[in-house]
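Peer 1: Work out the full structure, taking the sequences as your base and the hints as a guide.
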Amino acid sequence: MESFDINYVFFIGGTLLTIAVLASKLSSFFGAPILLLFLAIGMLTGEDGPFIKIIYNDYSSAFFISNLMLAIILLDGGLRTNVKMFRSVASESLLLATAGVIVTSGITGLAAYLFFDLSLIESLLIGAIVGSTDAAAVFSLLGDGGVHLKEKVSSTLQIESATNDPMAILLTTVLLAFVTGDVTSPVDIVLFFISQFGLGIILGVIFGLFGRFVIASIHLSSGLYTLLALGLGLVGFAITASLNGSGFLAIFIYGMFIGNQNIRPLSYMLPVGEGLTWLAQITLFLMLGLLVTPHQMLPYLVPGVAVAFVLAFVARPLAVFLCIKPFFKKYSIKDLSFISWVGLRGSVPIVLSIYPVMAGANDAQLFFNVAFIVVLFSLSLQGATLLPVAKIFKIYAPASVSPINKSQVGVMLSDDFELYSYNVKRESLDGVKLRNIRFPKRTQIAAVFRDGHMLKATGDTKLVNDDIVSIIGSPADEMLLNSVFSRDQNQKTPKLYKGDTILNGKMTMSEIAKTYNIEITSFEQTMNLSEFMTYHIGGFPQVGDVLGLINVKLTVVEMTGDSVERVGLDHYT
Numbered sequence: 014m015e016s017f018d019i020n021y022v023f024f025i026g027g028t029l030l031t032i033a034v035l036a037s038k039l040s041s042f043f044g045a046p047i048l049l050l051f052l053a054i055g056m057l058t059g060e061d062g063p064f065i066k067i068i069y070n071d072y073s074s075a076f077f078i079s080n081l082m083l084a085i086i087l088l089d090g091g092l093r094t095n096v097k098m099f100r101s102v103a104s105e106s107l108l109l110a111t112a113g114v115i116v117t118s119g120i121t122g123l124a125a126y127l128f129f130d131l132s133l134i135e136s137l138l139i140g141a142i143v144g145s146t147d148a149a150a151v152f153s154l155l156g157d158g159g160v161h162l163k164e165k166v167s168s169t170l171q172i173e174s175a176t177n178d179p180m181a182i183l184l185t186t187v188l189l190a191f192v193t194g195d196v197t198s199p200v201d202i203v204l205f206f207i208s209q210f211g212l213g214i215i216l217g218v219i220f221g222l223f224g225r226f227v228i229a230s231i232h233l234s235s236g237l238y239t240l241l242a243l244g245l246g247l248v249g250f251a252i253t254a255s256l257n258g259s260g261f262l263a264i265f266i267y268g269m270f271i272g273n274q275n276i277r278p279l280s281y282m283l284p285v286g287e288g289l290t291w292l293a294q295i296t297l298f299l300m301l302g303l304l305v306t307p308h309q310m311l312p313y314l315v316p317g318v319a320v321a322f323v324l325a326f327v328a329r330p331l332a333v334f335l336c337i338k339p340f341f342k343k344y345s346i347k348d349l350s351f352i353s354w355v356g357l358r359g360s361v362p363i364v365l366s367i368y369p370v371m372a373g374a375n376d377a378q379l380f381f382n383v384a385f386i387v388v389l390f391s392l393s394l395q396g397a398t399l400l401p402v403a404k405i406f407k408i409y410a411p412a413s414v415s416p417i418n419k420s421q422v423g424v425m426l427s428d429d430f431e432l433y434s435y436n437v438k439r440e441s442l443d444g445v446k447l448r449n450i451r452f453p454k455r456t457q458i459a460a461v462f463r464d465g466h467m468l469k470a471t472g473d474t475k476l477v478n479d480d481i482v483s484i485i486g487s488p489a490d491e492m493l494l495n496s497v498f499s500r501d502q503n504q505k506t507p508k509l510y511k512g513d514t515i516l517n518g519k520m521t522m523s524e525i526a527k528t529y530n531i532e533i534t535s536f537e538q539t540m541n542l543s544e545f546m547t548y549h550i551g552g553f554p555q556v557g558d559v560l561g562l563i564n565v566k567l568t569v570v571e572m573t574g575d576s577v578e579r580v581g582l583d584h585y586t
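Using this note's numbering, you'd call the opening residue of the sequence shown number 14 and step up by one each time.
Please note: incorrect hints may appear among the correct ones.
Said to hold, decoys possible - SDA-like mimics (lysine to any residue), calculated; alpha carbons at most 25 Å apart, straight line:
(1) K469 x F430
(2) K454 x S496
(3) K566 x M520
Think of the hints as simulated: they come from the structure by calculation, not from any bench.
Peer 2: Here's what the structure looks like:
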């Protein structure tokens, strides 16, 4: 009988995993967020579903599994976060993650007070539970969902979602203490806030430096590096959380330290990490789908949707504009409107809604069901419309050209060479000899593949569209190689005016800002003009693209690959 039970569990688990993986192919076809499909599969196979009818109501195990899966997702997110971009948007992201969560929670809580027969404190608890954006949802839709955005917008959203859990946990814990009668003193609240953020950052950095040293120093089988990184990350998470710090923040920062280093193990870790993250997302949302009982949500459906509506269309936009608009001039109204729309709710609100259940609060099921309704609303409306809204607000950036495959050559432990393979899609390369293409100096053509056959590459070899070119180079060459194989762009005639001054793309922004009295941030002063234009326009700038600043207008005049060669500057009159 025991064997039968184990086999039954394996069968059900394998079936759900298989269905979830296959359903991921339907996500792009139907335009639905993939996490919503995972959630739906869990609901359809749960207690009220037409299939299997799995009864799962163990909130303790759900809480444990949710924290573990979120830790894995945040670790992978940190591994893939560029530290330079993190620094460039850290201030606004952290402001959204703290003050933004407070504003969002407060307004949403007041809406809950209007729509539910609850006390003000209980209503504010609902606001706190759904007040933070969800890293799993944001990383999934912006990372794997095929939605490519301007870097500053994408990075702001991802870093906000990775760092706003401490504030949501703080608000939920404090308000729950009031609801259950275990009132927390103001001093305890302040100390909890400081410890969550302070220890999360400090221990994240410490474990990040330690993990980076260990991984760079030890020789292992390629498949073990990811497990080593995960093991060290979970140790850091556990120690940080046990000291009342934010384990989620610590493991994200830890991952960022590991990911921003040029060592061979990183190329082994990222593919395995991607697989673990998919498994974590599938497990997390299938489990949360199983945990809910749909018929119990019906009494809360209408007021729950009303709360979700206020959250999406009132609370989140107000929080974004109040936190960013007065202090950060680089964000346009369209940027802020899109950031407001991508306040995605996912697993975190559902996990936080388990707190009242485990604390034995009155109406605990109400908090859980309302949180679930808000998440369904957010994923089905905001998540499903991400791409069209990005195009409406002109936040969408074409995906940059990247290698169709890259792998370590495996010669040295650090500063290793990589093999990059590119599919030729650029018309201007069709029929061009290899000797006439300006490849980075340190690179070497390894082979050219055509119609399934490998050609012996020489300087006289002419490329043909759909050829695959394999090149050996260092990681520092990748961006230059991407530029070589970038698709041809439709060149627009730039609208220049009599007063335009033509600037070289290699000029430093500090020099330009001083000469033409332009206000820019200290981070932007480290850029040249080409980097500045690419950073603000996003994706591939094109000839004719215009960037409006406070007192000047910049127009792209000439491009070479991905690089902006010349820019027209015109003062507003």
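Peer 1: Hints numbered earlier in the text: which of these fail when held up against the supplied structure?
Peer 2: Going through the list in order, the structure violates no hint and respects every one.
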